[in-house]
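Protein chains in written order, with our numbering: chain A, 761 to 997; chain B, 2 to 125.
To be clear, the hints were calculated from the coordinates, so they are not data collected in a lab.
There could be a bad hint or two in this list.
[What the hints assert, rightly or not] Calculated pairs, DSS-like style, for lysine-lysine (alpha carbon to alpha carbon, straight line, at most 30 Å):
1. A:Lys915 with A:Lys979
2. A:Lys850 with A:Lys868
3. A:Lys861 with B:Lys12
4. A:Lys783 with B:Lys119
5. B:Lys119 with A:Lys992
[As the list claims (entries may be wrong)] If you anchor each label on the Cβ, the simulated ranges turn out as follows:
6. A:Ala775 with B:Thr91: 32 to 40 Å
7. A:Ala817 with B:Ala92: 29 to 37 Å
8. A:Leu786 with B:Gln97: 27 to 35 Å
9. B:Asp113 with A:Pro842: 53 to 61 Å
10. A:Leu786 with B:Asn45: 43 to 51 Å
Using N, Cα and C, we set each Cβ at its ideal position, and we do this for glycine too.
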Amino acid sequence: MSRDKNLIVGGFDQAIWAAHELKSPLALVRQLALSLGDEDTTQIEKELIIDKIRITAEKAIRFTSDITKVSNLEGALFDLEPINPIEICKEVVFDLQPFMKLYDKTIKLKYKKSHPLLMIANRDLLRRIILNFADNSLYYGVEKEIEMAIRSINKKQKIRVSLRDRGPQINKKQFLDLISNVNKNKNLSSRPESSGIGVSIASRFAKFMGGDIGLIRHKDGVTFYVDLDASKQMSLL
Amino acid sequence: MSDVLILEDNKFFLELFENKLRKSGYKTVSFEDAYSAMDYMADNQLPKVVVLDILLPAVTGVALINEMKSHADMRDLPIIVCTSIVDRFTASSMKQYGINFLLDKSTMEPNDLVYAVKSIINYE
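Next up, chain A with everything else stripped away, as it sits in the complex (with noise of 0.2 Å):
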């Protein structure tokens, strides 16, 4: 009985919680319709409003279908496979065009052409979690380029996928209290910034594939990371 009011409970807080990052979207959508409306309004800039509608719909679709995905993972079934990583990376960057484009800043992608880095991931999940971090660094990121770099460590047992930006800093004791606090109830109050259910949102999904993610801070920005078992697939050829 106790166990079933613990699960009701926790997923009226998950909903309420989701709901709350929600709100943010919805209101911003709201205003960006009502401006469409203001005589003052010039048709290039109604042009604008309209991308900046249809990006934030879109990266509000994308969290809704993550929290989904969040809370169906326990018995669910993803194929863990040989992933390259940097496919995965090109098409985010192809998906996030035309953000990269209304703000005119770009994503560079750094690997080594010369040794083939495969991770041991699904697809599916490893795509959402570098989306999330590629959103928040282009999001929070102040320079025109935000750095997306891919390398094994861990004497090749690891490969890295990292995201670099010069934006305001996160402190080690907040990037703790974001990963652990999806199943929490939790003061929103008290959260540093939006994107935070987005990270615990990727911690889980890189548990789920046997991985961590992580975070470096610089004294100008920060670097998210995701840390996945390496494929020993190449090692056998």
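Position chain B against the provided structure of chain A, taking the given hints into account.
Below, chain B without anything else, positioned relative to chain A:
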């Protein structure tokens, strides 16, 4: 000198607010994080009004308000809070923080911010 300092981390909201205020004839200066806004106020002539969001990266808008209140020259700067968590504020907390206007991002009309700024600047 800028009339309005805007602190808002969402770029799209920020551009909306800037456009509205500039088209109404106000000079604006904008920041996406509280540290930069505070640095600006410490080194430049103070704006007539501060418009700020509460949920911001790294440091919240409340922290900026507290910081402002600790400086004699910024203590009485009019503050307009524009947030989606208006339900977290009560009349007494508004008074405690010295907030002149509280605007709900979810329900406000595009010109509400202009009206609020106008009423403060015209009153002065």
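Outcome of the hint check:
{"no.": "1", "hint": "A:Lys915 with A:Lys979", "in the structure": "holds (28 Å)"}
{"no.": "2", "hint": "A:Lys850 with A:Lys868", "in the structure": "holds (10 Å)"}
{"no.": "3", "hint": "A:Lys861 with B:Lys12", "in the structure": "holds (14 Å)"}
{"no.": "4", "hint": "A:Lys783 with B:Lys119", "in the structure": "holds (27 Å)"}
{"no.": "5", "hint": "B:Lys119 with A:Lys992", "in the structure": "violated (66 Å)"}
{"no.": "6", "hint": "A:Ala775 with B:Thr91: 32 to 40 Å", "in the structure": "violated (25 Å)"}
{"no.": "7", "hint": "A:Ala817 with B:Ala92: 29 to 37 Å", "in the structure": "holds (35 Å)"}
{"no.": "8", "hint": "A:Leu786 with B:Gln97: 27 to 35 Å", "in the structure": "holds (30 Å)"}
{"no.": "9", "hint": "B:Asp113 with A:Pro842: 53 to 61 Å", "in the structure": "holds (55 Å)"}
{"no.": "10", "hint": "A:Leu786 with B:Asn45: 43 to 51 Å", "in the structure": "violated (35 Å)"}
Going through the hint list in order, the structure does not satisfy hints 5, 6 and 10.
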